[in-house]
Amino acid sequence: MTVEQKVDAVIVGAGAAGSVYAATLAAAGKKVVVLEAGPPWTIADLVSSQIWARRLKWRGASVLATGEHRIGHNAGAGSGFGGAALHHYGTWPRFSEENFEIRSRFGRGLDWPITYGDLRPWYDRVQAEVGIAGDAEAEIWRPAGDPYPMPGIKRFAQGELLARGFAKLGLPTAPLPVIVNSVPYRGRPACIYDGWCDAGCPTGALGNPFFSYFRDAQRAGAEFHADSTITRILTDNRGRARGVEYYRDGEPREQAADVVIVAASTVENIRLLLNSGGSKHSTGLANSSGLVGKYLLAECAVPAWGLFEEETEPYMGINAGQLMYREGYVNKRRPNAFGGYQWQIGNSMKPNDLFGVAMTRPNIFGDALHDFLQTSSHHIGMMIGFGGGIGERENRVELDSSKDHFGFPLARTVHRFPRDIVALSQYMKAQGEAAIAAAGAYEAWSSGQLNTGHVVGGTIMGNDPAASVTDSFGRTHDVSNLVIGGASLFPCSGGAGPAYTIHAVALRSAEHMVAHWSDYTA
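Once you know that position 353 of the sequence shown is 353 in this note's numbering, the rest is easy, because the numbers rise by one and skip nothing.
Hints listed in this document are in silico derivations from the structure and should not be mistaken for laboratory results.
Glycine residues also receive a C-beta, built at the ideal position from the N, C-alpha and C atoms.
This list has only true hints and no planted wrong ones.
Label pairs and their calculated CB-CB ranges:
id, residue 1, residue 2, range
1, P151, F106, 29 to 37 Å
2, G221, T375, 52 to 60 Å
3, I364, G221, 50 to 58 Å
4, D146, G187, 16 to 24 Å
5, G145, N237, 40 to 48 Å
6, N451, V183, 33 to 41 Å
7, N74, P172, 28 to 36 Å
With a straight-line Cα cutoff of 30 Å, these simulated DSS-like cross-link-like pairs (lysine-lysine) come out:
id, residue 1, residue 2
8, K350, K168
9, K429, K332
10, K6, K31
11, K429, K154
12, K31, K280
13, K168, K429
14, K429, K350
15, K168, K332
16, K350, K154
17, K350, K57
18, K280, K6
19, K403, K280
20, K403, K57
21, K168, K154
22, K154, K57
23, K57, K429
Start from the sequences, fold in the hints, and give me the full structure.
See below:
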């Protein structure tokens, strides 16, 4: 086995959280190596094509999905430099104040060990560094924070139509907060609104990691190694992390480090901990609480569509949408449905592929599909809602008896939505169709199945080592030099995209690590 020279920190994963850690530690003078299982993507690989866009999605070991409401994993994960943040749509709302305190406020789910006020300074910092377009005053549901550095993105015909529908229902809308430039910002150009966010945005208008923390980390001297599949976290005879084992070119290697930071996808973070058990960690690393893999949480995703007599320009704009409407966890209009949610309104669409026009009617074929595409490619309107917020212990990731080609067990997800989230999805479906009809559509419909959205949890943070895996900085309670980054830390999700909060939590953690380095390495 090849043993690499020891470094200050080894980071597993070159996505959103991993890039923030790498940039912060390298800027502080630490020797940092980032290991990424996927390819070494560059800007030149970001081609506006649906086929090319698929290459950016998950290409690692299979994730087996079980349970009543199976989690869809691959579309929301990434492989290669930039991770899922390379192809994400750039929806960046802040989590609400109640999101951090749902147990205290409502007696449901789990509280975070920090409040919104604790995280606000890092939200503001990240916002200034990456750039967000939006209108903070129009977002009446937005918690306190600095105003956005850019005005909201351009609105096209379907956005105008759908906003009219929400207004008729008495529901306010606001520009969707996105890390897509509405004007030039920090050397990056304004968006051209051609609707190719899913392919990674080669112009740099969407602030993916190549134009933010990944770039900053490289400039500060962090080393990034692609095609490096991490199989285990290695520990010493005291039970502390001493590095990672990984494979490159089919050969096993070892990267020694003073600190190990695991910042892969939610499921892979969990799988790596469970596959790293030893004599001092018989149930998996950092798992004395028995909670590694537990409290997995998937949002419910509710898409809705309508056909209009008017030209809707569905091919223009950005994939995330143009506008938003958001609600908190409880509302007297939906007494049986608990959970926060948001509508992303006026999403740009291509004719086919995952979120394309053809996929809105998977039950029609041949001439009927051809006729539908001919009409809808100019007259369809779309929005998608995400709802969630309740973490339940039995929703989990565990190891399967099947193994990958390195001989390590695959991850298996077990998931079902709580009854009040099912009720929430039904409420959202009815509301979405009503808003589209109110907008003047002559036909409105939504997905007939209960879909899953963003996935969080499984290595939850908390103050009590018996009831959580890490502290509020992502440092595991059991192993003082092992840190977790990413959405697997989240005790709950409030039906709002997690990317912005992933960045804010990672920056807070990374700066704490720099300020208290000796505590991590002692």
